[in-house]
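Position chain A relative to chain V; hints supplied.
Top line first, the protein sequences correspond to chains V and A.
So the numbering used here is basically just the index in the first sequence, starting at one, shifted up by 11.
So the numbering used here is basically just the index in the second sequence, starting at one, shifted up by 62.
Hint data in this document are derived by calculation from the structure and do not stem from the laboratory.
No false leads were slipped in.
On the chain A side, residues computed to face chain V include the following (Cβ under 7 Å):
(1) Met82
(2) Leu85
(3) Leu86
(4) Asn116
(5) Leu120
(6) Asp226
(7) Gly227
(8) Thr230
These figures come from a predicted structure and were not determined experimentally.
Even for Gly, the Cβ is constructed at its ideal location relative to N, Cα and C.
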Amino acid sequence: MRHALTAYRWELEKLTAQWRVRAVLGVAVAAPWLFVAVLRMQDAVPADTLFGRWVHLTGFAAPLVVLVFTTQYALPLAISLVAGDVFAAEDRYGTWKMLLTRSAGRGALFAGKALAAGTYTVVLVALLGLSSLAAGVVVLGHDPLVGLSGTLITAGTATGLVLAAWASVLPAALGFAALAMLCSVATRNGPAGIIVPTLVGLLMQLGSFVNGVDPLRRVLLTANFDAWHGLFTAHRFYQPLVTTGLVSATYLVACLGIGYLLLHRRDFAEG
Amino acid sequence: MSGIRRSSTRSPLARAATRMTVLLAGIALLATGCGTSGITGASLAANVGPTFRNMYRLQQRLLGDADQSTADNAWARCFRGGAVKPGATAVPGSTRNSGSGAGTGWTCLVHWPAPDGHTQTLGYELSVQPNGCYTAQGPSGYVGQQDIRTPEGKTVTNPLFEFDGCLTI
Numbered sequence: 012m013r014h015a016l017t018a019y020r021w022e023l024e025k026l027t028a029q030w031r032v033r034a035v036l037g038v039a040v041a042a043p044w045l046f047v048a049v050l051r052m053q054d055a056v057p058a059d060t061l062f063g064r065w066v067h068l069t070g071f072a073a074p075l076v077v078l079v080f081t082t083q084y085a086l087p088l089a090i091s092l093v094a095g096d097v098f099a100a101e102d103r104y105g106t107w108k109m110l111l112t113r114s115a116g117r118g119a120l121f122a123g124k125a126l127a128a129g130t131y132t133v134v135l136v137a138l139l140g141l142s143s144l145a146a147g148v149v150v151l152g153h154d155p156l157v158g159l160s161g162t163l164i165t166a167g168t169a170t171g172l173v174l175a176a177w178a179s180v181l182p183a184a185l186g187f188a189a190l191a192m193l194c195s196v197a198t199r200n201g202p203a204g205i206i207v208p209t210l211v212g213l214l215m216q217l218g219s220f221v222n223g224v225d226p227l228r229r230v231l232l233t234a235n236f237d238a239w240h241g242l243f244t245a246h247r248f249y250q251p252l253v254t255t256g257l258v259s260a261t262y263l264v265a266c267l268g269i270g271y272l273l274l275h276r277r278d279f280a281e282g
Numbered sequence: 063m064s065g066i067r068r069s070s071t072r073s074p075l076a077r078a079a080t081r082m083t084v085l086l087a088g089i090a091l092l093a094t095g096c097g098t099s100g101i102t103g104a105s106l107a108a109n110v111g112p113t114f115r116n117m118y119r120l121q122q123r124l125l126g127d128a129d130q131s132t133a134d135n136a137w138a139r140c141f142r143g144g145a146v147k148p149g150a151t152a153v154p155g156s157t158r159n160s161g162s163g164a165g166t167g168w169t170c171l172v173h174w175p176a177p178d179g180h181t182q183t184l185g186y187e188l189s190v191q192p193n194g195c196y197t198a199q200g201p202s203g204y205v206g207q208q209d210i211r212t213p214e215g216k217t218v219t220n221p222l223f224e225f226d227g228c229l230t231i
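Excised from the complex, chain V in its bound form (with noise of 0.2 Å):
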């Protein structure tokens, strides 16, 4: 456990002093302000995004947009890009025996690592979803937010329904870093760490847009991405947020496990 912890905190330090973390942590920030400030310069709404329709009525509906832009496109890469390289790395360096010869054993390194790409996902979302409420907040207005069932939700309740949103799609985030730092175990490579869950993230946004397939659709990590559709809608629903956090936390258990039991396996012996 105290490896553990030690090897954490090396890790905590590796990736803040990377500039690509920086870059993408700094972009997390900045990119809300720059759409949310393009959004007041223009006529013209998102209309084909959920809660774009009302980004000129009031500025709870922009973190909603941003939030369904990223986690169709943008987020599986964000989070593969640290998380795929994060055991990669070592190899890319050649430093896993020098690691290995530490007191810290695997299990405390994989630990490590795993908890140190985790904490990188859940600031990464926290980031960019407290910086488009706040863009949204300050550049449109706090009027009342237009839910899906047509009725006012009032300011104080939007912020917390927001906020919630984004909460949500943590278990899908972290499913994403599970499954990055799985490749990144895999392949060890940090390229193919970062592409193959991106790609699989795509190739499941398009698989939720197939029509009858529904019980696949249910176990995709990215039905985890919609599930807050029901904090919106004047009777509120919470069970996709309860079946797709379910099968999000099936895929970290399970991307971990294996990842865990092929580092254990590994012979380094040989190279």
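Just chain A, lined up with the frame of chain V:
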């Protein structure tokens, strides 16, 4: 001997993968079996009617109109296929809820008692996504253009021109 050893070293991975598949299949069955209503004409009608009422109130509010009573009795009938001209006037109750599944080609007739007493029927065209969210587009000749101007001179989206909703599925 070596064959036995190899199979024993591979089995934990295979076991983990099998467990994951079984677990996901279980959750899928559970989620499907949990009595979800799905996308049907009836579930759409139950959602579009009240949403239209709320959108009508919102439109009146945006236009600065204090009288918001007339849409309170609006109700909808939804069916798939069938060429109903947007804005066509049909006899209330002449159509029944029918059809199921995501996709385009849904029509919802919103029956709306107008202030003068007769019932106006508005044909909304719906496109429903597999996740249960839909976009309803109204007949612009009856509900107005995409943008409306508030008394304060602000241009906002007309809530009745097009609106979104999400079903419990």
